[in-house]
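Mind docking these for me? Both chains are given alone in their own frames, and the hints should help you get the complex.
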Amino acid sequence: MRTAISTLELIEPRSLKHALEVLRDSRPVVPLAGCTDVYVLLNAGTPPAGRYLNLWGLDVLRGITERSGTVSIGALTTFSEILRSPVVRRRVPILAAAAREIGAVQIQNRGTLGGNVANGSPAGDSLPVLAAVDAVVVLRSADGVRRVPFNGFYTGYRKTVMRPDELVAAIEIPPVPGRQWFRKVGTRAAQAISKVVIAAVRAPRPRIAFGSVGPTVMRAPRTEAVLAGGGSIDEAVATLGAEITPIDDIRSTAEYRRRVACNLLRQFWTETA
Amino acid sequence: MRFVLNGREVDVKAHGMKRLLDVLRGECGLTGTKEGCGEGECGACTVLLDGQAVNACLVPFGQVRGHSVTTIEGLRGRHPLQRAFVTEGGTQCGVCTPGMIMAAAALPKGATREDVRVGLAGNICRCTGYEGIYRAVRKAHRARPTAHDSRPTAHGSRLTAQGSRPTAQGPSRRSTRPKSGLAARRQPPAASRKGSR
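Which chain is which? The protein sequence lines are A and B, in order. Numbers 1 to 273, taken from my numbering, label the letters of the first sequence in order. Numbers 274 to 470, taken from my numbering, label the letters of the second sequence in order.
Among the hints, erroneous ones may be present.
To list a few chain B residues with every Cβ distance to chain A over 10 Å, as calculated [to be verified]: (1) D295; (2) G311; (3) A326; (4) Y407; (5) K412.
DSSO-like, lysine-lysine: derived pairs with alpha carbons at most 30 Å apart [said to hold, decoys possible]: (6) B:K291 / A:K159; (7) A:K17 / B:K286; (8) B:K412 / B:K382; (9) A:K159 / A:K17; (10) B:K291 / A:K17.
Calculated from the structure, these hints are not laboratory results. The beta carbon of each residue, even a glycine, is placed where N, CA and C say it ideally should be.
Bound-form chain B, shown alone (with noise of 0.2 Å):
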């Protein structure tokens, strides 16, 4: 099933009723996105599907067909949400932290401080207090317009918007390590092609 993943189209074989979380960590081999209670409430496994955030527990992959996902892995580690979560203490243990990191990358340009309380709301740390992570969203977002401003209008970035607009952080060539069942592809989507949807 062809998608999007972290700017590069891949071809991925899995059931379409599997998670999109276990197929990112398992037939993907991208193992950033963390689980966390499994059922929508922790926000721990956090991903953006067409720029906005969702719970990759609760997606089936067979919804992912011809759409566009981006895993923390897609930010190469050297976006300024990470680094301020470095440098602001806005993390500890690091479960949570992949998730939040993404829920910030979906937040929109000029984000106030309640932006990103309501924003990162649906991601829970136990360790920091949140403080850190405030401050480290506040702080990239002073640093740099987010990578993800493109904020979708509905459901409209999809396989073939995606393909003719390059994406905020460039394609990852190191993100995605081809694994079984899994082929990267270098050239862009066809211009023709249609999203399943």
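Okay, chain A solo, but in the shape it has when bound (with noise of 0.2 Å):
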């Protein structure tokens, strides 16, 4: 590992409220959760702090819970119980699914739904389905609760309406209309960084999100437009093309994100149909 660990505090917090009066008082400081991201970071020498605020014992921040209709995720439940959750797999199949593609089990065991959604990777993927869902980020602080629309929480590249001081502490997804539908596209099925992630919902206003085509996790809205206003798939495969801004890099090339995203959209009109 290239970061001298000397040089790093971790702080262990008592309570969720400890931990919120810590993210007030001490900034700046990391919240710690599963780690899946941040020792990959340590381990290149890069560390995104010198302060970590370990949360990973605040079981206050764990479960999954059915309340009229509307999913409730704890930030630090891990996908590997996201996977194998009841609830979600009868709510949510699409999140099952993605949490299946996470990684592998080592990393599903410990990486966690909050971190997927603080760590704000275009390529989270998680993110294209709490998109799709309209999912809403229930933000803590000392000062309170803050609900956001996931649809409006990143506002650039790892960019988020998040303040210094909050803490994700839930994701909440409510009753989803329509058949849910999800690929991911990586160089296998297992640990790839995604190429092409696509979360979407077949409703008569159909939701369409993306993964790794743009800064951040997108929806598709003139796509959706398209298709709700009654076009064919051809008309929406060519808005799609526009909407998205793929780029190059080591996974992949802008090209061919831009082709697989419109097969993917293509796909899902067809199997759902």
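The structure is reproduced here in structure tokens:
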């Protein structure tokens, strides 16, 4: 590991309240969940901060509940817990499908939904699902609770509306109308970081979200509007091609991503017809 | 910091941000756990944390407090998986083998070939071509239930739970070689002690 441990500090909060006070009073500090992203940076010698706040012991941030049709998932809930959850499998099967394709078992046992959201990678596999189901991000701070629509959460590449004193506490998923569909395209099923991810819901107003084709996870509202207005899938595909902004990087090319995204849209539309 | 290592409660002093991998190999002297990529891609450092396979290179030591860790040494060289890896040609250079065996040890009873492939998808081997590994895991599973058939529910088995429940492979007497900073305790953890989470 290329980071000197002696330069780092780990703060052990006694409670969620204590953790929120630390976030308010002792910044800058990076909250730690399952650490599957943070330790990649530490190993590379590019630590995101010098001070860390260990949330792992805060059980109040764990668990999956269903109330009045809304599924609430605590930020520290791991992808293993999500993919085994009967509630998630019944209500949001595409979230279970995404969880199953994140990393491999070792990562699923540690990686958390809240961590995936807060990390905000454009390739985060759970994020297109949260965009397609119109999830709500529950933020906690010493001042109280704030609920932010997931589709307004990211403002740019790894940028969010979250204040530095706030913590992702939970994700809420309202009832999802229509058939859900998810596909991840990567070099292999396990471990690979996505080239393109799609999560979509077939409803009168279809909801279509992509990962890895822009600076953040994105919905495709113009494409959705074409399909909602009775336009053909060919028109929708043409619209999508102009709506997404993929780039060339080490995993793929913009051209490949655009082609695959269009193919996935077509496949979604055919398979959910 | 107290945690259960290979069935015994231990008290190890190390920085909370140190990788579990480094604490195991350094402070605990258990070098069976290997470092491959150091970033969660290869699975060479796989150990069991409360019965679940994790990459020890991505776990801060501070998050192990009150929990149970099982390393390849915890299988004491006599686990059916270890024998099957030898007899079935599941190992060549050996660097991936401890992680591969620990990932296999976390698989549920009656795992199908597909379960094995998915369960080992996070473990990379550059020698065997995997067929010998899959053969070994299937053979071991047929021979006897895995040591870690106690597949935990979520974060179920903590220090308190572990203390009252014997681990399948039994307490290890030889596997933990105390070095400076590590004091192995033979008595089971106090039932009243709560896990830190």
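Structure-based check of each hint:
| no. | hint | verdict |
| --- | --- | --- |
| 1 | D295 | 7 Å, violated |
| 2 | G311 | 5 Å, violated |
| 3 | A326 | 5 Å, violated |
| 4 | Y407 | 15 Å, holds |
| 5 | K412 | 21 Å, holds |
| 6 | B:K291 / A:K159 | 28 Å, holds |
| 7 | A:K17 / B:K286 | 28 Å, holds |
| 8 | B:K412 / B:K382 | 12 Å, holds |
| 9 | A:K159 / A:K17 | 25 Å, holds |
| 10 | B:K291 / A:K17 | 26 Å, holds |
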